[in-house]
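Asks: The chain contents come next:
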Amino acid sequence: MTYAIIAYALSLLLWLIYLLALGRRLRAAHDRR
Amino acid sequence: MTRDVPLWWRNGARWVWILAAALVVASLWMVARAPIERIMGPVQKIVYIHVPSAIVTLLAFGVTFAAGIAYLSTKQWIWDAIGAASCEVGLVFASVVMITGPLWARSAWNTWWTWEPRLTTFLILWILYAGYQIIRSSLKSASKRTISAIMGIVFFANLPIVWKSVEWWRGALHPKNVTMAPDMRQVLLFGMLAWFVVYVAAFERRLRLEWAREARAREAHATADSALLEARVR
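Heads up: the protein sequence lines correspond to chains V and X, in order.
Taking numbering that gives the first Met the number 0, the leading residue of the first sequence gets 0, the next gets one more, and so forth.
Taking numbering that gives the first Met the number 0, the leading residue of the second sequence gets 0, the next gets one more, and so forth.
For reference, chain V alone in the conformation it holds in the complex (with noise of 0.2 Å):
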């Protein structure tokens, strides 16, 4: 049970992160000039 909710948890931690990332490269290329 505890290796199943790891591996969840990782997998969606990591999805979170690149997303977040990817929001502030795209923030970024629109606001430099």
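There could be a bad hint or two in this list.
[Stated by the list, open to error] Derived DEER-like restraints, expressed as beta-carbon distance ranges: (1) X:Met0 with V:Leu13: 30 to 36 Å; (2) X:Trp112 with V:His29: 39 to 45 Å; (3) V:Gly22 with X:Asn10: 15 to 21 Å; (4) V:His29 with X:Asn109: 47 to 53 Å; (5) V:Met0 with X:Pro174: 46 to 52 Å; (6) V:Ile16 with X:Leu228: 44 to 50 Å; (7) X:Thr1 with V:Met0: 46 to 52 Å; (8) V:Leu9 with X:Met39: 17 to 23 Å; (9) X:Leu58 with V:Ile16: 18 to 24 Å; (10) V:Leu13 with X:Ile123: 30 to 36 Å; (11) V:Leu12 with X:Trp168: 17 to 23 Å.
[To be verified] Stretch by stretch, here's where chain V covers chain X in the computed footprint (C-beta under 8 Å, at least three residues): (12) 44-56; (13) 136-150; (14) 203-209.
It should be emphasised that the hints constitute simulated quantities derived from the structure, not laboratory data.
Yeah, the Cβ is synthetic: ideal placement off N, Cα and C, and Gly gets one too.
Chain V is already provided as a structure; the job is to place chain X on it using the hints.
Replies: Leaving out everything else, chain X in the frame of chain V:
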């Protein structure tokens, strides 16, 4: 070319994101409620994220392969953007596979890692496409797009090997085919749909980044051109 994509695109993307979030929540709910496997217990539920992520990884790198061919034959920037966007999102999926795999292996095979055919070939796949990202981001020259396209095409050769590895080599721990109970298969198929929509949503977002960068590069080019023209007039 504006820095942001057209309005219809932005509006459509919002709906894709809502759909993706809803499907992932529904998928997690289904996973929580899925029947518990008799021998492995709850750990078997890792399969509902591991397998869909692996399938979407192959799909994403397949898109990079096709976009690579399209870029080399047309030389249009959008194909390069599509290839790069799909490759990066595919690498996130591949990383999910690499995270969930050892956790499954620890329970099922009593080891975190073993040099089993599919594990080995998938690790090679991950390294190749991580290399793609590093090489692409380090290139500044005009050949960046061509080199990326070639990498996308050449590295794709490993995909059929990953797929067929369990048949070609002995000692495979991954099953060649699995017969699942219908209520478990349903959860797996729904997971595939949910993560596929996540792929589409993330791909769209990543493609928008390429779009903004292309627009910026063109702006800079136009500014440089007009400055040159002004200097000549003087």
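Asks: With reference to the structure, classify each hint as holding or not holding.
Replies: Results of checking the hints against the structure:
{"no.": "1", "hint": "X:Met0 with V:Leu13: 30 to 36 Å", "in the structure": "holds, 33 Å"}
{"no.": "2", "hint": "X:Trp112 with V:His29: 39 to 45 Å", "in the structure": "holds, 42 Å"}
{"no.": "3", "hint": "V:Gly22 with X:Asn10: 15 to 21 Å", "in the structure": "holds, 18 Å"}
{"no.": "4", "hint": "V:His29 with X:Asn109: 47 to 53 Å", "in the structure": "holds, 50 Å"}
{"no.": "5", "hint": "V:Met0 with X:Pro174: 46 to 52 Å", "in the structure": "violated, 23 Å"}
{"no.": "6", "hint": "V:Ile16 with X:Leu228: 44 to 50 Å", "in the structure": "holds, 45 Å"}
{"no.": "7", "hint": "X:Thr1 with V:Met0: 46 to 52 Å", "in the structure": "holds, 50 Å"}
{"no.": "8", "hint": "V:Leu9 with X:Met39: 17 to 23 Å", "in the structure": "holds, 19 Å"}
{"no.": "9", "hint": "X:Leu58 with V:Ile16: 18 to 24 Å", "in the structure": "holds, 22 Å"}
{"no.": "10", "hint": "V:Leu13 with X:Ile123: 30 to 36 Å", "in the structure": "violated, 21 Å"}
{"no.": "11", "hint": "V:Leu12 with X:Trp168: 17 to 23 Å", "in the structure": "violated, 33 Å"}
{"no.": "12", "hint": "44-56", "in the structure": "holds (count 5)"}
{"no.": "13", "hint": "136-150", "in the structure": "violated (count 0)"}
{"no.": "14", "hint": "203-209", "in the structure": "holds (count 4)"}
In summary, the structure is inconsistent with hints 5, 10, 11 and 13 from the numbered list given earlier, while agreeing with the others.
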